[in-house]
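Protein chains in written order, with the numbering used here: chain A, 1 to 161; chain B, 162 to 545.
In short, the hints are calculated from the structure, not lab data. In this text the structure is predicted, and so the values were computed from the model without any measurement. Backbone N, C-alpha and C define an ideal beta-carbon position, used for all residues, glycine too. Treat the hints with care, since some could be wrong.
[Stated by the list, open to error] Quick look at which bits of chain B chain A covers, simulated, 3 or more residues with Cβ under 8 Å:
hint : stretch
1    : 183 to 192
2    : 274 to 286
3    : 345 to 355
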Amino acid sequence: MREILELLERDAQLSHDTIATMVGLTVDEVDTLIGDWERSGVIRRHKAVVNWEAVQGRDQEVTAFIDVSVAPARSVGFDDVAARISRFDEVRDCYLVSGGHDLRCTIVGRDIRAISDFVSQKLSTIDRVQSTATHFVLATHKRDGDTFAEPEPDHRLPVTP
Amino acid sequence: MKPLNDTITACPPSGIRRFFDIAAEMDDVISLGVGEPDFVTPWRIREAGIYALEHGYTTYTGNAGLAPLRRLICDDLSSRYDAHYAWDTECLITTGVSEGLDLALRVLLNPGEEVIVPEPCYVAYQPCVSFAGGTPVGVATTAEDSFAIDVAAIEAAITPRTKAILIGSPANPTGAVQPVAVLRELVRLAQRHDLYLVSDEIYDRLTYTGVHTCLGAVPGARDRTVVLGGFSKAQAMTGWRVGWMAAPRPIAELCLRVHQYTMLCAPHVSQVAAVEALTSAEGDVAEMVADYDRRRRVFVKGLREIGLECPEPSGAFYAFPSIRSSGLDSEEFAERLLKAESVAVVPGNVFGPSGEGHIRCSYATALPQLEQAVERMGRFLGSL
Chain A
1 MREILELLER DAQLSHDTIA TMVGLTVDEV DTLIGDWERS GVIRRHKAVV NWEAVQGRDQ
61 EVTAFIDVSV APARSVGFDD VAARISRFDE VRDCYLVSGG HDLRCTIVGR DIRAISDFVS
121 QKLSTIDRVQ STATHFVLAT HKRDGDTFAE PEPDHRLPVT P
Chain B
162 MKPLNDTITA CPPSGIRRFF DIAAEMDDVI SLGVGEPDFV TPWRIREAGI YALEHGYTTY
222 TGNAGLAPLR RLICDDLSSR YDAHYAWDTE CLITTGVSEG LDLALRVLLN PGEEVIVPEP
282 CYVAYQPCVS FAGGTPVGVA TTAEDSFAID VAAIEAAITP RTKAILIGSP ANPTGAVQPV
342 AVLRELVRLA QRHDLYLVSD EIYDRLTYTG VHTCLGAVPG ARDRTVVLGG FSKAQAMTGW
402 RVGWMAAPRP IAELCLRVHQ YTMLCAPHVS QVAAVEALTS AEGDVAEMVA DYDRRRRVFV
462 KGLREIGLEC PEPSGAFYAF PSIRSSGLDS EEFAERLLKA ESVAVVPGNV FGPSGEGHIR
522 CSYATALPQL EQAVERMGRF LGSL
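One chain only, chain A, in its complex shape:
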């Protein structure tokens, strides 16, 4: 039931009752499916997509994308370095990518200094990390499928044929 996972990915707060009606299953069946997915790790977490830029009175954290070049090692390739980088809480995402670099990471820190310290002291000093390139995020327009611009009002007339 891929459809249920897609629905939850879009809105984790949908009730199991509503999901059951939507996809034509009983509530018990939906409970069982979702429970199984939670136990087996198909569903990792249910979480909210937050537009932090819209939160008043909060110090803005800084996000950066770091491209990392790594010398691969026999039998593990890049995996050991990727795992090591991923263990840091500052690292939100870590991908092995094609192109000029090997790993692309998303790092969140309280300010630019925190991120540059992290890169120079933690990331760059890992064995076989050869170089890094840091791209600071200046503004977020869309994340995880959510556009953060003001939604357009409904332009439809209230009653039409």
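Following the hints, position chain B against chain A.
Just chain B now, with coordinates in the frame of chain A:
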């Protein structure tokens, strides 16, 4: 001053107008009265429209419409429904199904000829017949029959003046999809009595319990049938005003003749966007249809839980529940519901006399609003 046109003067304004006027003055209205998608046109289609504007596609096109668009439409009809039309002689791009309907009726009818229209039906069908010089003859369908066309009742309504039968499936306002067996019977009837058929298939992609049947593909129908379709519903392109007609050559040629003098062509930008809609927006359409289906299930269940009998709507995006249990007539129900609970619905009787006792509720509205609306309707029913 001399009196204005008798036919148009005699035609009453749409019953929907009154509810629009009341709802437009109120705040916090949840409207289930909207006959168009709540999705905006998928971005890839809008982007193609913007590209067309940037590159100066601001001219007339050929009268019949862009060749690539007509090719795509005919290919789609052929692969999807096994309905075969020659793109260059049997397909015409119109400014929505509305214009296609007007063209078809003007070309088919001589003054005084009758068109049988199963009702409840879209509000424009009967006036368009009158404007084309014909006489509309309504034939009732009922909730008990899931609003299936009663072919025997249609046969009983045939007179020597009957020229055509006009149907819409999937239907506004009932959400009914005509069963294939009924369509076959209808075609045989048309053959027996030598009648034309006009088939409004604007909701063809919005079916939830089976695949749509194009009337033009039903054996024996092709040479006497005008099929009308467009991009307003499935591709959420109502405001672009672009649709199409597929019809046998003699009819298509005369429709083109009227169209070339009255409309010239459908908007160029909209035609370019429609090409994009047919070449790359299939995924968007599938997603929207799946979303309508989910809302349909939740909404219909909700209506039934508050005690309204609701025939299963298997197409379009309307539910057409019975409100007879309330003891009110359709107009009274809709007006009091709007004033008491700020939920706008359309009274069933505006779609024809057999719509009395029902209301049309569009579920082309976000799910939280639908759930709110059901709650308010439940409270309203409890207060009666």
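ask   = Three or more residues of the stretch 345 to 355 of chain B near chain A by CB distance under 8 Å?
value = Three-residue rule not met by the stretch 345 to 355 of chain B, so violated; n is 0.
message = Please verify the coverage claim for the stretch 274 to 286 of chain B: does it have three or more residues whose C-beta sits within 8 Å of some C-beta in chain A?
response = Per the Cβ count (3), the hint holds.
request  = Between the stretch 183 to 192 of chain B and chain A, see if three or more residues pass the 8 Å beta-carbon test, and mark the coverage as holds or violated.
outcome  = holds (count 4)
This entry does not satisfy hint 3, going by the numbered hints stated previously; all others are met.
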